[in-house]
Structures are given as structure tokens and as C-alpha cells.
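Given only the sequences and the hints, what does the whole structure look like? Please build it.
Listed in order, the protein sequences are those of chains A and B.
Counting in the UniProt record's numbering, the first sequence runs from 1 upward without gaps.
Counting in the UniProt record's numbering, the second sequence runs from 1 upward without gaps.
Worth double-checking, as some hints may not be accurate.
Because identical chains cannot be distinguished in the list, a pair is counted as satisfied if it fits within a single copy or across any two copies.
[What the hints assert, rightly or not] SDA-like, lysine to any residue: derived pairs with alpha carbons at most 25 Å apart:
no.: 1; residue 1: K117; residue 2: K161
no.: 2; residue 1: K35; residue 2: F48
no.: 3; residue 1: K161; residue 2: R131
no.: 4; residue 1: K4; residue 2: D53
no.: 5; residue 1: K190; residue 2: I173
no.: 6; residue 1: K109; residue 2: S29
no.: 7; residue 1: K161; residue 2: G24
no.: 8; residue 1: K117; residue 2: A27
no.: 9; residue 1: K51; residue 2: V19
no.: 10; residue 1: K109; residue 2: S169
no.: 11; residue 1: K161; residue 2: V146
no.: 12; residue 1: K190; residue 2: D172
no.: 13; residue 1: K117; residue 2: T103
Honestly, the hints are just simulated from the structure, not real lab data.
Protein chains: 2
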Amino acid sequence: MRKKDDQKTEQIIEAASQVILSNGAAALSTTQVAKKVGISQSNIYIYFKNKNDLLFHVYLAQLAVLRPIFDDALNSNLNTATLLQRYITTLYQFALNHDDRLTIIDQIKHLANSPLKNTGEDPDNDRQYARQLIMRGINDGTLRNVDPSIHLSIVFNTVRKQASIVRNSSDDISFEPVLDMIWSAISNPKTD
Amino acid sequence: MRKKDDQKTEQIIEAASQVILSNGAAALSTTQVAKKVGISQSNIYIYFKNKNDLLFHVYLAQLAVLRPIFDDALNSNLNTATLLQRYITTLYQFALNHDDRLTIIDQIKHLANSPLKNTGEDPDNDRQYARQLIMRGINDGTLRNVDPSIHLSIVFNTVRKQASIVRNSSDDISFEPVLDMIWSAISNPKTD
Numbered sequence: 001m002r003k004k005d006d007q008k009t010e011q012i013i014e015a016a017s018q019v020i021l022s023n024g025a026a027a028l029s030t031t032q033v034a035k036k037v038g039i040s041q042s043n044i045y046i047y048f049k050n051k052n053d054l055l056f057h058v059y060l061a062q063l064a065v066l067r068p069i070f071d072d073a074l075n076s077n078l079n080t081a082t083l084l085q086r087y088i089t090t091l092y093q094f095a096l097n098h099d100d101r102l103t104i105i106d107q108i109k110h111l112a113n114s115p116l117k118n119t120g121e122d123p124d125n126d127r128q129y130a131r132q133l134i135m136r137g138i139n140d141g142t143l144r145n146v147d148p149s150i151h152l153s154i155v156f157n158t159v160r161k162q163a164s165i166v167r168n169s170s171d172d173i174s175f176e177p178v179l180d181m182i183w184s185a186i187s188n189p190k191t192d
Numbered sequence: 001m002r003k004k005d006d007q008k009t010e011q012i013i014e015a016a017s018q019v020i021l022s023n024g025a026a027a028l029s030t031t032q033v034a035k036k037v038g039i040s041q042s043n044i045y046i047y048f049k050n051k052n053d054l055l056f057h058v059y060l061a062q063l064a065v066l067r068p069i070f071d072d073a074l075n076s077n078l079n080t081a082t083l084l085q086r087y088i089t090t091l092y093q094f095a096l097n098h099d100d101r102l103t104i105i106d107q108i109k110h111l112a113n114s115p116l117k118n119t120g121e122d123p124d125n126d127r128q129y130a131r132q133l134i135m136r137g138i139n140d141g142t143l144r145n146v147d148p149s150i151h152l153s154i155v156f157n158t159v160r161k162q163a164s165i166v167r168n169s170s171d172d173i174s175f176e177p178v179l180d181m182i183w184s185a186i187s188n189p190k191t192d
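See below:
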């Protein structure tokens, strides 16, 4: 068995990410990935147990970029409303610059046989900060008392849609009106 | 060439729909569809030119169910706000009972090589009423003046998420609080 090579591991993860972005996670084959890296297919298995193991590591590689950004933004004693608005704005900046990473995470999460199902990994780990903040907001009355998945859905889908509009436009579009729409949807009108 | 049989056409479309719901549209093969119907793969090509043609007809079959429901709901002289709220409630009822049809439409629309790209079909035809109403709402000041795709995203994603929560719950959950969230997000606060 050949010795593992960290740089090769990264190259394989990067190639798999590119294939997922072009063709979707369901269509990923180790043959394609090997060809892109310029190694034989059997060599992939020196680095990853199987295709699902590769997909799992592609997922973890995206999370590794996502996490520190939110750690910095949310590590403070501000009130729930301020933290939530800061979270939404940070997510928007992330979606503007790294939408591909969010797409890869979504693709792997929504596979019929997602590799996240058989690991200890919470499939919503990429949204763990958002979920925590939303639970806190529901409990302290900042947010409407509905299923937190509704809040998450509005925040994530609207932010990503707006990022996609802005990326495909040459106009200087402010995020403020969209943040106001999201906030009107999720915040508790009784305490506003 | 064997004579075409309308019932067989429907069976093939139904089988293809089932395959898309189980494995996704990207993974659809005519071999699987033929096996499900109990005919040979070459017989599929009596009914459909190729896989893309089959996918296109699966898409049209879903639209055929969707359209008359909204025709009935929206064929009236009510004001924009009432029509929009009626649209959202009708979409919610449809998502509760036919979420599979919306999933199939989404799957086919989002294929890397979507069959809708090479036909005259507007890929957003399933949302044409919503888009018309939203444009009217923006123009008459009922809705906030942002890109209509943001309104569409909030309406469709939130309605479908709530329908999925309700389908997986034994509780009697009212749609009213979620309709209020959507309305707070999209309506123009200056005219409310």
C-alpha cells in the first residue's frame, strides 16, 4: 500500500467538489475524480474507504471553512436580535463569496443515501449556530413561536437567493431591504 | 414500428415519476423505467424520442395537474392582496396533498442539462401565476419593491417547508401563523 500524501488528499477532495458542482453529488463517480486528479481509480481508495467516505470528507472540508467565520461573528454578549441580524448578514457575505461551498453541503445532505446518515455527524451541523440562535430567540420572545425549521428555511433560502441575484447583476444592490423582509417574517411582532 | 398506446404512455410517465422521486432526476435511466413498466427498453423509444423527451413529458404531466387549481382560485376580480393570500393558501393545500408533483418539477428544472432549456417552455411556468401576481403587487405598491425572485423564493420555500412539517406531524397545526410570516416578509409595510 502506497503511503498517504496530504496534498493528494486535498487534491482529491477539491476534484470531487468540482464534479459535484458540475454534475451533482448523485452523479459523482470515483473514476471521474481519479481522472481529474490524474491518478488511477484504485489509488483513490488509498485515501478514502469508499465513495461515501470521500463524500463525507468533502462535506467536512466545507464545514471547516464555514465554522470559524460564524465563531468570530457570534462570540459575544450581544442580545439575541443583534446576534441574529449579524448571523444573517455574515451568512449573506459568505453566500456572496462561497456559494459553491453551500451548494456542495446541500448536495451531500440531500443525497438519497447521504453519507451523513451513517456517521455520528448531525446533518444540520452547517446550520447549528443558526438553530441555536433561533431556539434562543423563540424562547426569549424575540422570534415568532413556530417550528424553528420555518425560520431556518426563510433565512437560508432568502439569503442565498439574494446572493445569487447580486452575483449575476452588475448593479450595486443593497442587502438592507432583504434583511428587513427576513426580519419582518421571523421576528415576533408583539415585541418589536 | 408498433402502434402507440395512450395508456402505455401514461404508465411510462408514472414509472419515470416514481424513479425521480426515489433516486432523483439525474439518476433516471430508461432501463429502470422500462423494467418498472414491464416492457423492453427499446419500446420506450416508441413513445418518447429520448430520455430528455421523456423528462419533458413528465414535467408537463405535473403542470397539467397544477394549472386548473390555480385557474379556479385566481379567476376573479379581487384585489392583489386578497389574490396573493389566496394563491399562497391554495399552494399550501396543493403542497400538503401533492408535494411529490412539486418535487418532480423542481428535480427536472434543476437538472444540469434540463430538457426545458431546449424547448420553448418557460422553465418557470409552474410559477407563472405567482410571478404575474407578484409583478402586479410590486407595481401597485402592495408588495415590497425588490427582485420578484425574492418574493417567489419566500412564498414557495416557506409553504413547502410548512407542508412537510405538517405531513410529518400528528398535531393539528394551523397555517395562519406561517401565512402571516410570509405576508409580513413580502407586503409593503408603507401601505399595510
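Right, here's what the structure says about each hint:
In this assembly of identical chains, the alpha carbons of K117 and K161 lie at most 25 Å apart only when taken from different copies (21 Å versus 27 Å within one copy). Proximity of K35 to F48 under the C-alpha cut-off of 25 Å is restricted to the intra-copy arrangement: shortest distance 16 Å within a copy versus 34 Å between copies. Taking CA atoms no more than 25 Å apart as the test, K161 paired with R131 passes in both settings, with 20 Å inside one copy and 15 Å between copies. In this assembly of identical chains, K4 and D53 lie within 25 Å of each other by CA distance solely inside one copy; the values are 16 Å within and 46 Å between copies.
In this assembly of identical chains, the alpha carbons of K190 and I173 lie at most 25 Å apart only when taken from different copies (21 Å versus 31 Å within one copy). Taking the shortest Cα distances, K109 and S29 sit within 25 Å of each other both inside one copy (17 Å) and across copies (23 Å). Taking CA atoms no more than 25 Å apart as the test, K161 paired with G24 passes in both settings, with 19 Å inside one copy and 22 Å between copies. Taking the shortest Cα distances, K117 and A27 sit within 25 Å of each other both inside one copy (19 Å) and across copies (20 Å).
For the homomeric pair K51 and V19, the shortest alpha-carbon distances inside one copy (13 Å) and between copies (22 Å) are both at most 25 Å. In this homomeric assembly, K109 and S169 come within 25 Å of each other (Cα to Cα) only across copies, at 22 Å, whereas the closest approach inside a single copy is 29 Å. In the homo-oligomer, the alpha carbons of K161 and V146 lie at most 25 Å apart both inside one protomer (23 Å) and across protomers (12 Å), since each shortest distance falls under that limit. Taking the shortest Cα distances, K190 and D172 sit within 25 Å of each other only across copies (24 Å), while inside one copy they are farther apart (34 Å).
Taking the closest pair of Cα atoms, K117 and T103 come within 25 Å of each other both inside a single copy (18 Å) and across two copies (21 Å).
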